[in-house]
Amino acid sequence: MTTVAPDPRLVTVDEVLAARPHHPGGLPATLVGWLTTTDHKAIGVAYAVTSMLFLAVGGLLAGLIRVELARPGLQLVDEATYNSLFTIHGSVMVFLFAVPFGFALANYLVPLQIGAPDLAFPRLNALSYWLYLLGGLVMLGGFLTDGGAAGFGWFAYPPLSGPQGSPGLGADLWIVAILLTGTSGTLGAVNVVATVSTMRAPGMTLFRMPILTWNLLLTSFMILLVFPVLSGAMIMLEADRQFGTHFFDPTAGGSPILFQHLFWFFGHPEVYIIALPFFGVVSEIFPVFARRPIFGYRGLVLATLAITALSTSVWAHHMFVTDQVVLPFFAATSFLIAVPTGVKVFNWVATMWTGRLRFEVPMLFGLGFLVTFVGGGLTGVMLASPSLDFHLSDTYFVVAHFHYVMGGTVVFALFAAIYFWWPKVTGRMLSRTLGTIHFGLLFVGFQMTFFVMHALGRDGMPRRVADYAEVDGFAGMNMIATVGSGVLFVSMVPFGMAIVTSLRQAPTNDADPWAANSLEWAASSPPAHHNFDWLPPIRSERPVFDVRWINHDDIAAPGVAAAWNARRNKDPHWSPIPGNGAAGGDGDGDGDGGGRR
Amino acid sequence: MIAQPPAPPLTEQAQQMEDLWNVFLIGAVAVGLLVAGLVVFVVVRGRRRSDLPLQQREHIPIELAYTAIPLLAVGALFALTLVVLDDVDAESAEDSVDLVVEVTGFQWQWQFRYPASGVVETGTAEERPELALPAGATVRFELASVDVIHSFWIPGFRFKRDLFPGAATTFQVDIGETTGAWPDTGVCAEFCGLDHTTMRFDVAVLAPADFEQWLIGRGGEGAP
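In order, the protein sequences belong to chains A and D. So for the first sequence, my numbering puts the first residue at 175; every next one is plus one. So for the second sequence, my numbering puts the first residue at 39; every next one is plus one.
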């Protein structure tokens, strides 16, 4: 096996940037600035902060649920309130937290990763954000109405969600909120597709795009396919409620099962819409901290394409117990989608296989993601079998499954992303000690909360119940889950401390503190308003890595050095490479710090 | 296994699904341990080294292998699923059914009708209804709802099926020879509104003679 000794002739981005005129960057400083910004970075931060606030809201609702379920009997809330709690918990987490955080990543990172100055439609982007915020407030506004917030579960099956089943205004607000966030998501997806299609820097071919950008592109295609279907279903449901139509009303010839088809045609791709951006996050993080290229880049892209394609043909596995779907077909597609998902897991493991790992905080969260995601994937294979789903459907087993795949994996990868890109956004690092404590508490709390739910469901505890009988023997496991959720809340303390201490430090403005790979690390930290003062040649999916190793023909992608030097007499933005005599460098050849990475 | 439902498999179909569950569980635990082991292995082996490793980008044969092996594995699980599904989701001809039970769900309780003997068992908010079934019989359930969607779940059956307003659903089971009472184990599994939590019922499997007595005790005519 070839290994390379530490070499002083490594080039760092900061050296290159230091040789160039610097343009100031950063976020808006005033309220008016935030209200009027069309900068993709500011809107990305707004998406991230807003979705984290909704994570807090959804988490508090979940905390109330766990306290209510800690012991048998009704202690904290009545049943009507409980029903609103889990309905809004699920809706907030899916529509107002998980999907929008994906848009935070898309907003902030897609232009930076492909070398563009902004998204294709900056003002449309601002509109997307404000529609999202409005939708979120409308949904939570349900709690202020007479009948309370919607209480029919986040998939709102009619007739329960119809005019007789849920007469309250909270239900209408919920439907309007889904329409608003759905419109926001559709517009955001249009923006991502247009940007990736038309605004990639010279040299950034499709197969040199970072995996994260690939995944956000394919996520956007799925959104364009299925969000309009959801919006259609919501308009039909609202028409049934307010305008006297009978699309889903069985007493007048309507079809409740039609709603389930429309909802899950959206609802299952939604799982991948939530997950793919976070698969992309760890696909960025593992190579950086294993000091290797992502293993099987092309296979990984193909696997994501396969998931995207299959995602629209698996929806009815949510409806196995209705007796109104073709069981073998949807079982087959559901089993099949496990294969590309498994390929991704093996690609990530293989990336680390001969890697030299650095256990920085983003890497810890990445590993937590990996273990949690495998757990959720395995129960997913079980639920793909109708013969097992007949027992497990609508139980806490399913609750455990989707909290592993949509909760845990999202949250672990999300914190990996925050710790990883925080230095790019703010120019400051987050505390490694606090981050490690944060990770430990989150991992233990998560597994405690959700692992026992597999057993609860298998043992006969249905989901969406406010109470359970003492004879069921569920009390012990529910108490473990509730204590675990307490640990999850505690884990937010070191995170908050890390944020506060970081923001109170003076910025270091390291452009590339992790010795990373993709193009955003070639921008200053925080990036200039127009993003790039300077772009390296793009000859692989790791342009920043290639510049770092530009003096090593056997490591950097072929042609990088030649492309660099060819700019010398033609490109006014050409920059000398420090320590590279052949390129006319400044003679400062110490390349300090490069060798330790 | 650690996780045990409140009742053993009460039907022949439930026993098949229980066996299938065990196959899936063993497979899942095995794959889970394998991947966890791989992660631990790479983490332990990869730490405390600071040089740059080989920059290998892909290895097509290995990638094909770890695509093909999972494909074969889920293919096998799919085949097993279909074999079991054929039995558990099957319904036989009318004359081979020993007992028909009509199940009606309403917000928020159940009604069980035994049309051959005229017995009607209706739950109230105060009192759960009891669903009694004769051991060894082939029973068909005919399910309907009068309002919203419910789901009829007996964990001892390892099976549930939704009840829809305006369209009947059915399923059929062969009750095993295990007799006993499992109070409070019948469940509505599909969220159906305010008092969904309390929409539960008792399940009992009785010897045929005891089942006769149960029917007569509730004003029925005994055996059909």
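Calculated from the structure, these hints are not laboratory results. Take the hints with a grain of salt, since some may be wrong.
[As the list claims (entries may be wrong)] Examples of chain D residues lying across from chain A (beta carbon under 10 Å, computed):
hint, residue
1, M55
2, F62
3, V80
4, I100
5, Y104
6, T105
7, L181
8, D222
By construction, the Cβ of each residue, glycine as well, lies at the ideal position given by its N, Cα and C atoms.
Hints violated by the structure (listed by number, smallest first): none
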